[in-house]
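A.B. asks: First to last, the sequence lines map onto chains A and B.
At position 195 of the first sequence (counting the first as 1) the number is 194 in numbering that gives the first Met the number 0, and the numbers step up by one without a gap.
At position 144 of the second sequence (counting the first as 1) the number is 143 in numbering that gives the first Met the number 0, and the numbers step up by one without a gap.
Careful, some of the hints might be misleading.
Using C-beta positions, here's what the derived DEER-type ranges look like [said to hold, decoys possible]:
| # | chain 1 | residue 1 | chain 2 | residue 2 | range |
| --- | --- | --- | --- | --- | --- |
| 1 | A | Glu48 | B | Ile143 | 54 to 60 Å |
| 2 | B | Val146 | A | Phe171 | 51 to 57 Å |
| 3 | B | Val146 | A | Ile182 | 52 to 58 Å |
| 4 | B | Ile143 | A | Asn93 | 42 to 48 Å |
| 5 | B | Ile143 | A | Lys32 | 53 to 59 Å |
| 6 | A | Ser38 | B | Thr149 | 30 to 36 Å |
| 7 | B | Ile143 | A | Glu49 | 50 to 56 Å |
Hint data in this document are derived by calculation from the structure and do not stem from the laboratory.
For each residue, glycine too, the CB sits at the ideal point set by N, CA and C.
Next come the chains, spelled out residue by residue.
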Amino acid sequence: MMFRSRKKIIQDELESYRELINRCVAELYRTLKCYSENSDRRELKKNIEEVSRLEGAADDKRRSIQVVLYSKSLFPESRGDLLGLLETTDKIANRAEATALMLRTHHIFIPESFRKEIIELCHISQRAVAVVLEAERKLFSDFRGALEFIGRVNELESDADHLEHKTINKIFASPTLEPIEKILLRDVVSFISSLADRAEDVGDRIRVIVAKRGV
Amino acid sequence: MFALLPLSSGLFMGWALGGNASANVFGAAVATRVVSFRTAGALFSACVIVGAVLQGRAGIETYRELSEQDLTSVVIASLSAALCMATMTLRGIPVSGSQVIVGAICGVGLVSAHVDLSILVRILICWVSAPVGAFFLALIIHRILLVVLTRIPMSILTRDQLLFSGLVVMGCYGSYALGANNVANVTGVFSGHLQGIGIGDLELAVVGSVAIAFGGITFSKRVMQTVGARIMKLDGLTALVSVTACALTTHFFAVVGVPVSTSQAIVGAICGSALVSSGTGLHLDQLSRIFVGWFVTPIVALILSSSLYAVHQGILLAQAAPPLKLP
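If we strip away everything but chain B, and leave its shape as in the complex, we get (with noise of 0.2 Å):
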């Protein structure tokens, strides 16, 4: 049982996770009462669960690959990136698991000399790509939806049928594209330390997923009433585009294997839908988070978890050496 301690860390950023990413795929299909909240959270948890199991694995392996470390330093990392997180969330600063985390590994990894930089570069590639592929999917799933939605004659209760409908498969699909993602964050930097308890990929994607359904479930209420209604400020046809963006940015990283952030993909992709429809998609707040999330959150992650483990390895150092012998 206290082998399972170390992972503690790792659930409690699954728990926020979920209550956070949720309402980035089914925020809008619960603002406007589509689905029920309870119904919401059935389907979010069932599809995160199946997507962890089905492609998470890609993402855990490269958290695995990026830095070296045993079990300590694992446990160091994870815990900074949970307490970078929570203190983060309380100051209002919005904050990324995706981020946070690699930044908490790549801290331990600097201390200890193990940081393989060709995964890092390919990771902030994928970082900055995730919110741009957004905003340029948004534009082109507009115009095609556009296009569908206005060359078939149609009621316009029928057209938000169509909408509501796709609200739902949408939020569906981006639950499976956050489980295949994100599942990485939270038990990915575990990857490989648990075997000799039979934990592998396999169940720390089924365990990690299983904590973000949890968040989903229990802490995501409010938070998708107020994202769904940020999100839904738009109309039904971008909230429908901006859901579908991001599942389909979200999972196409799963793929690759690099987890990436839900809420800055939704931003790129408000962006980029608002601004075929209104022409004013552009919102210097909206894109300041996107900014501090690439820079700032990383880096107070990565301070913080390298300090923890110095101080580590300089207890250990202490301890190591031969007492001093006075003349």
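Isolated chain A, as found in the complex (with noise of 0.2 Å):
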């Protein structure tokens, strides 16, 4: 009974930890397609710090799940295998917040001919992230289950490689923009197509830790 209810803890700890990544990362593609399409500056910094506030609530949730993981009964390779994957969770919520905030530092517009491509790239790492967000929930209820998710996740991310590469090199095509603004392009890019490497590392966490429990 006792032990049940350290289960409970732990898993509703998690639960409330990959919601806020989830809304993170969703405050990410929300931001990117209203600037892409207003270029509003104004709007932009709201958006940007709930972004923020979002990856700052996911940071103090990890380290409050730490504390129980260390508190709570668990095996100690358990417990190393949750924390390894905390810290590779929370670099999604680094990395969206980081491309967020890039967006206003570096005062990069958003050309209309490369719109499509740079909302569908943000697109497709969204959808990476939730799927492997789903491969996590899996751990926690059926845990063979997850590799499912993982398969999907790969999928995903080749895709968004492959649009990244795609979009890249219309960028340095490009005839009309300056150099420093396809370098400063280039590194949106890069950055949001990276949540989704960032997916799938997460996927490989989970992958060994449904492997190392399987022999």
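Dock chain one against chain two, each of which comes alone in its own frame, and use the hints as you go.
C.D. replies: Take a look at the structure:
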């Protein structure tokens, strides 16, 4: 009974952490979409503050979970696995915040000709994050079922990579952009695509967690 | 009261044995904080006493039949065993209670020409069989548990919960088996020699198991942490498999009536389980511990007890001989 309540505490804390990560990335997508459509810097500032707030909340939640993991009974290997998973998942939120801040601090303007690709790239990355968070959730109901989601994450990451390369190629082929604009735009594209890379990193960790429990 | 003095060396041995062997059965559970040391100590004590009382007498009878002895030779055997155990432990040489006491009994028996070789051979076979049996048992248990844990859909936390519960249950069972098997090492040598003061095999089992339990409560905290951490270096499943195989092996030999080393049984089990899970289960340093236990420990105890007994017999002969008449 005692262990059941401990298990519930850990599960609930991790669920709210995943929710914060998901909202943070969804907010980045919304921010990027709004900014690329109207370039309103005041609204951008407001949206970025929301991304930062969610990233900060996720950080706080991660720290509190770390305390819970150390205070509650877990096998050392499970504790290590969950702490590693938390660290890797946290990098998604960090990257989402960094991408949003880049738009503001670097005064990046998204030309209309690249709007569709960038929004699409962000959408793919967001989906990769959502799927990997679902895989993470599966660890706490039927851990072997998590592997089904990991394959989908890899596909999405591959799609993101493909679109990233295509977009960067198009950026540098553009006759209308200044070289510095090209470099900044490329950085934005790379940052957005790296969200999918980080989702894939989380997926790799999940795969190891499942594999360790299958031998 | 003085009639109980010969038991003191046995009780000392029981205390040392309890301190060391409790780690093999409850170390993993304590090291992972599944149960507190206090709870583990209480569970260990209760189960050891129950095991010794219900099934400990078979091993005691084996030691009684191994060699015919009088109270003096019993005390010398027990004292030699305790001295040997203390010296080898201080020098950092791994030592098994079963092997020390059998070596000591045989040492005394050799001098008095009273050793039942058929029982000795049976004991030697069981010593070799314990770690080897635990090794193969661990292979089988690992396969079965793995199938159960992977076929049934569950959370990784539920899996931990099952392994935790298993460690506590098997810790209790291992303690029971330890009491049933190893109580003979503590007081078995006195079997048949204290009946004059109303101490039969049952009383010896009770006294011996209380000494083991006392050792588990007072002496084992650090050993549990160290051994437990070593066992848990593998993983939860391997730890559970090792403790289960060790408990089953020890219990089997308790039923057979031959005390064996739990430390060697758990090393065999760890090797078997690690071989299945990682493919690299055989560690030479661990295996060398078993070989030292098989050969060096009983030989050292045998030499010590036979020397002490020979000296004692020489003194008696010198006292009994008529004085020399000078011309």
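A.B. asks: Determine for every hint whether it applies to the structure shown.
C.D. replies: Now for the hints, and whether the structure bears them out:
1. A:Glu48 / B:Ile143: 54 to 60 Å: 56 Å, holds
2. B:Val146 / A:Phe171: 51 to 57 Å: Given range 51 to 57 Å: holds, Cβ gap about 56 Å.
3. B:Val146 / A:Ile182: 52 to 58 Å: The hint (52 to 58 Å, Cβ to Cβ) holds, given that valine 146 of chain B and isoleucine 182 of chain A are roughly 56 Å apart.
4. B:Ile143 / A:Asn93: 42 to 48 Å: Since isoleucine 143 of chain B and asparagine 93 of chain A have Cβ atoms about 44 Å apart, the given range 42 to 48 Å holds.
5. B:Ile143 / A:Lys32: 53 to 59 Å: 54 Å, holds
6. A:Ser38 / B:Thr149: 30 to 36 Å: Between serine 38 of chain A and threonine 149 of chain B, where Cβ atoms are some 54 Å apart, the hint is violated.
7. B:Ile143 / A:Glu49: 50 to 56 Å: 52 Å, holds
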